[in-house]
Each structure stands twice: as C-alpha cells, then as structure tokens.
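S.K.: Residue-level listing of the chains:
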Amino acid sequence: MDLVQHGRPAATVDLPLAGAVTGRASSRAGRKGVAVSGRARDAVRADLAEVFRRDYQRVVGVAARVLGSRDEAEDVAQEVFLAFGRSAVPAGEAPGWLSVAAAHTALNLIRSGRRRASREETVAATAEVVAPDVAETVLTREDRSRVRAALAGLPRKQAVALVLRHSGLSYAEVATALDMSPGSVGTTVRRAEAALRKELIRHASSD
Amino acid sequence: MRHPTEGVLRRLLDEPAGVSEPDRAHVAGCPVCLAGLATARRDAAAVGTALQPAGEGTVDVPAAWHRLAGALPAGGAEPAPAPVRARARRARAVLRRPVVAAVAFAAVLAGAGTAAANDWLPVFRTEQLQPVSLDPADLVALPDLSAYGDIEVTGGDGPQQVPDAAAAAAQSGLDVPAVATLPRGVTGEPEYQVVGELGATFTFSADRAARAAAESGEPAPPPPAGLDGSQVRLVAGPGVAAIWRQSAGVPALVVGRAVAPTAYSSSGVPFETMRDYLLSLPGLPDDVAAQLRTFAADGSTLPLPVPSDRVTTSPAEVDSVPATVLETRDQALAAVLWVEDGVVTVVAGSLGPDEVLAVAEDLD
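Sequence lines, in order, name chains A and B.
Using this note's numbering, the letters of the first sequence map in sequence onto residues 3 to 209.
Using this note's numbering, the letters of the second sequence map in sequence onto residues 3 to 366.
Careful, some of the hints might be misleading.
Just a sample of chain B residues kept apart from chain A, beta carbon distances all over 10 Å, derived [stated by the list, open to error]:
no.: 1; residue: 23
no.: 2; residue: 34
no.: 3; residue: 36
no.: 4; residue: 164
no.: 5; residue: 166
no.: 6; residue: 183
Computed spacing ranges between beta-carbons, pair by pair [said to hold, decoys possible]:
no.: 7; chain 1: B; residue 1: 281; chain 2: A; residue 2: 49; range: 52 to 62 Å
no.: 8; chain 1: B; residue 1: 62; chain 2: A; residue 2: 157; range: 28 to 38 Å
no.: 9; chain 1: B; residue 1: 217; chain 2: A; residue 2: 159; range: 37 to 47 Å
no.: 10; chain 1: B; residue 1: 183; chain 2: A; residue 2: 49; range: 28 to 38 Å
no.: 11; chain 1: A; residue 1: 113; chain 2: B; residue 2: 278; range: 52 to 62 Å
no.: 12; chain 1: B; residue 1: 186; chain 2: A; residue 2: 157; range: 42 to 52 Å
no.: 13; chain 1: A; residue 1: 157; chain 2: B; residue 2: 343; range: 45 to 55 Å
no.: 14; chain 1: A; residue 1: 45; chain 2: B; residue 2: 321; range: 48 to 58 Å
Don't read these hints as lab results, they were simulated from the structure.
Even for Gly, the Cβ is constructed at its ideal location relative to N, Cα and C.
Next comes chain A alone, as it looks inside the complex:
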C-alpha cells in the first residue's frame, strides 16, 4: 500500500515504459508521460474510471505473475493507473500500455529490492504446489523466488514478452504492445522460457 501513499506518487512511476514500450505508441506515451507529469496536480483523464473498471484486474494479473503476490500486484496496479490517469495514452492503446507498464513496474520492484514479505507467500510456503511438470518437480518457494529473480535479470523485452504471454495476451497483442513482429514473439518467449527453465533445473540438480 505504501508504494502509493508515501513518497512521490504517480508521475514518478519510473516510466521505463517510455523507453521500453517502443514505437509509435510508446514514444507518444513516453513523451506525454513526461509532459503531463508537470500538470499532474490538476489533470486526470476523463476515461480513467472506465478503463480502470475494464482493465484493473488484467493489470493486477500481469504484475502478480512477476511478483507472485497479489497484494503487491495491487500496489503496482495502483501505481500504473495513477500514471495512466495523468497520461495522454490514446484509449485504443490503453490495454497494451497498461500491461507493459505493469510488467515493467513489477520487474523494477524486484530489482530495486523494495519488496516486502508477502502474506500470501508465507501462506503458500506452507502448502507447496506440485507443478504439473513432467519432471514432477515440486516447486518450492525458493524455486519460485529464484525464477522471479532470474526473470528480473533477463533482457527486459524477453521478460516483458514472457509475462504478457503468460498473462494471456495473444501473440498479436504482445507484438503490438512491444512493437515486435508477431513472428518474433514466439522466439522471444521461447528464449525466456528456456533460460528460466534452465535456472530451475540447475538448482534442482544441485540440491
């Protein structure tokens, strides 16, 4: 919760979006993001409530895949929507922009080490999930945090593409959001998965 309530809100969501969402949409998002932050106190876009209602759960879902915790994901989603409320991202590009923003903000959170111990993770630790995995690996909490750390260490585009795909965006949607060709989405996601899987196996065999 405190992510939003103290410190400098919204406009400081480190618009990595600006850099990472590439192409037309993003250059616009980035430019406006900067321009708009100056008048952040008085302008909130008119369609915020509508977009919020439509996309909030999706944004939480994206962040939750990165963070593993829905509580933290909701904090991230709040941050993202605050930024969005002050942006001039075209309405049609909002879903992609929001998803990319959620992924970046969540990845930044992992890298910054600002994480707090999450209640769900503590609970989850007591009831390990058996992975539907051919190796019949039991994914421990350590495995999961290792994967998340590895995720944050991947090239940004790979990490974001992976998270968006696993959050249910289609290849076309991922391609549009990241300004990639749909054909390269599969390759990018595949590389990311291979790297993370290697991370899992490496530790499984060294345990």
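Fit chain B to the given chain A structure using the hints.
M.R.: Using the frame of chain A, we list chain B on its own:
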C-alpha cells in the same frame, strides 16, 4: 523442407492457428520438431507454474477504485464506478487465458481439441494442434507415437471464413446452430468459419515400437499377431463455427459444431487390439493409460482432458443431453460442450457458465 524455428514451435503450443499449415503439417510428421515441441511445452509449463501467483485470484475492483480515487488530486476523480456488473463484464476485463480460446477453437478445428470418444489418436492430434486442451503433464508424458509407426495427416483445411450461415451449412454439411438470444454484452453479427475434414492414418511398426520400448529400458510385450503394419484411420470434422468477435483477445462468443472424431481400422487387426497393445507399451504413464481406456469405453460422452491447474469442469445437461461445463479458474471464460449423434457442439466465450448454458439451451 527446413524445420520451423523454435519460435514457430512455441507459437504452435498457444496459437496453432497462427502457424502456417505447411509448418503444422511438417511438425506433425517430423520427429525432430515433435521433440522440440515437447521441450518447448515442458519449459512453458514449468515456467507457467513458477509464475503462477500465490493466493486467491479475486480482486475487489470497487475497493481498488476507491483507493485510487483517494490518491488522485481532489476533484480529479469521478464518482466510484457502479458496482461491477457482473461476471460478464469482469470476465472481459480479465486476462484471456488461452484455454477456452482453445476449446472454442477446437470446434473450428473439427474436433481436434475435443479428444472425443474412442481412441488415443485424437489425443495425439490434440497434442499437435490443441495442446492447451490437455493437462500439460499428460501431454508431455504422452509418448511420441511416431516412435511406434508412421502417421500421415490429411485434410484439416481451414478454418476458412464464409459469408453467412447458409454458406457455412452448405460447405460443411452441418446444421449451423442459430443463437436466438445473445447474452448481454455480445452484439452484432457473427462471422462464420468452416473447416474441412481432418484425417490421420497411423501405421503400426513392430520394429519401431520395440526400439522405443527398449529405449525406455523395458522390453515391449510381444505384439499380437498381425499387428505389424496394421493401420488405423481417424477422421474428424468437418466443422463450423459462428464467432462473435470483440475488439481484442478471445471472441465474446463462439458457437461451434463439428463431426466428432471417430477411429476405425482400415487394415489389419481391429482398432481395439492396436489400442490396447499401445496402451500396454512401456513409457505410457498409468494415469494416461487409464484415461485413454476410459475414452474407449464410452463413445457417447466427451472426455475432455483439460489443464486442471487452469480450468474447472462440472457436469451439466443441455436439452437432457449430458454436457461438460468448463470454466477457467479466474472465471474469465466458460464453455459448455456436448456430443449428440456423433456431433460435438461447443458454446464458449468470455462469459459465465450460466450464460453459456443459457445460450446452449437456446440454440435452434
């Protein structure tokens, strides 16, 4: 032909329709690509599991809005949105999991994803065309049947768009289901798609089966007389679907119908003999084997293997016919499927189970 890239194999797992027909056909018959596909699937499943968030999946949207409004500059926020009206709306807002997309798509793909009825072959096809409609664990564990003989796939053209219901009916030879009352939130005219008959011929090879078994470290039981060289023919489709699209993601509503897969021996021993022998080979996990036997036992039901980590199933009835309702665990999507007179019908969409059932009951 050259092997498709890893990226293409990866997409085949999620969006077979996004992969070109020549690539799909190549993969279906290429042991190297099938192995690559299996690896990609295993990696994807493991990573998907690792990224699964802990805890419940529910989000209190009104409360979250309240919180956001509090952080916005005074006067900048609109009044809180009306309580979220419902599952349908929330469902559309939520992330689209590929699962029901696959289920919906299954109808278009002439039952490839329905894994209906009486043998393992549709399951094998499913592995190639509709992987998400199987439990990832089962999928990966299912032996690559090309190790046991030759598979030749024919047909499966499409899906191809046609102008209207009449054209769809004429081309597919199926009655195109008409929806009397659209669920709330679904509007406009559907798009009609037709897919041709899909066939696969499997020729059993005793030599290859023995080699495959030897690799698993256990000897294969002796094959029944006459099995070597026996062929099984599986035919599914044609199929037709009416699709109400929305701006992005999974369609709002899909109503599809297809001739359910059937398998028969085209030469050699009876199909059941080959099936039972294959089921007895080392390398096939017990649970998969048991599941496959169940398929064979009752051709009138629709045993639909689903990824249980993402989808819940429940029994229902549609016009007194037993049906299966699927719902993604995040409640984003639901589908109902049933088989009647050898025809499988599916109603799916970003709706709730009650809504898809209502549409199903209402079909003409």
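S.K.: Taking the hints in turn, state whether each one holds.
M.R.: Results for each hint:
no., hint, in the structure
1, 23, "holds, 16 Å"
2, 34, "holds, 16 Å"
3, 36, "holds, 15 Å"
4, 164, "holds, 23 Å"
5, 166, "holds, 26 Å"
6, 183, "holds, 24 Å"
7, B:281 <-> A:49: 52 to 62 Å, "holds, 57 Å"
8, B:62 <-> A:157: 28 to 38 Å, "holds, 35 Å"
9, B:217 <-> A:159: 37 to 47 Å, "holds, 39 Å"
10, B:183 <-> A:49: 28 to 38 Å, "holds, 30 Å"
11, A:113 <-> B:278: 52 to 62 Å, "holds, 55 Å"
12, B:186 <-> A:157: 42 to 52 Å, "holds, 43 Å"
13, A:157 <-> B:343: 45 to 55 Å, "holds, 53 Å"
14, A:45 <-> B:321: 48 to 58 Å, "holds, 55 Å"
Violated hints are absent here; each numbered hint is respected by the structure.
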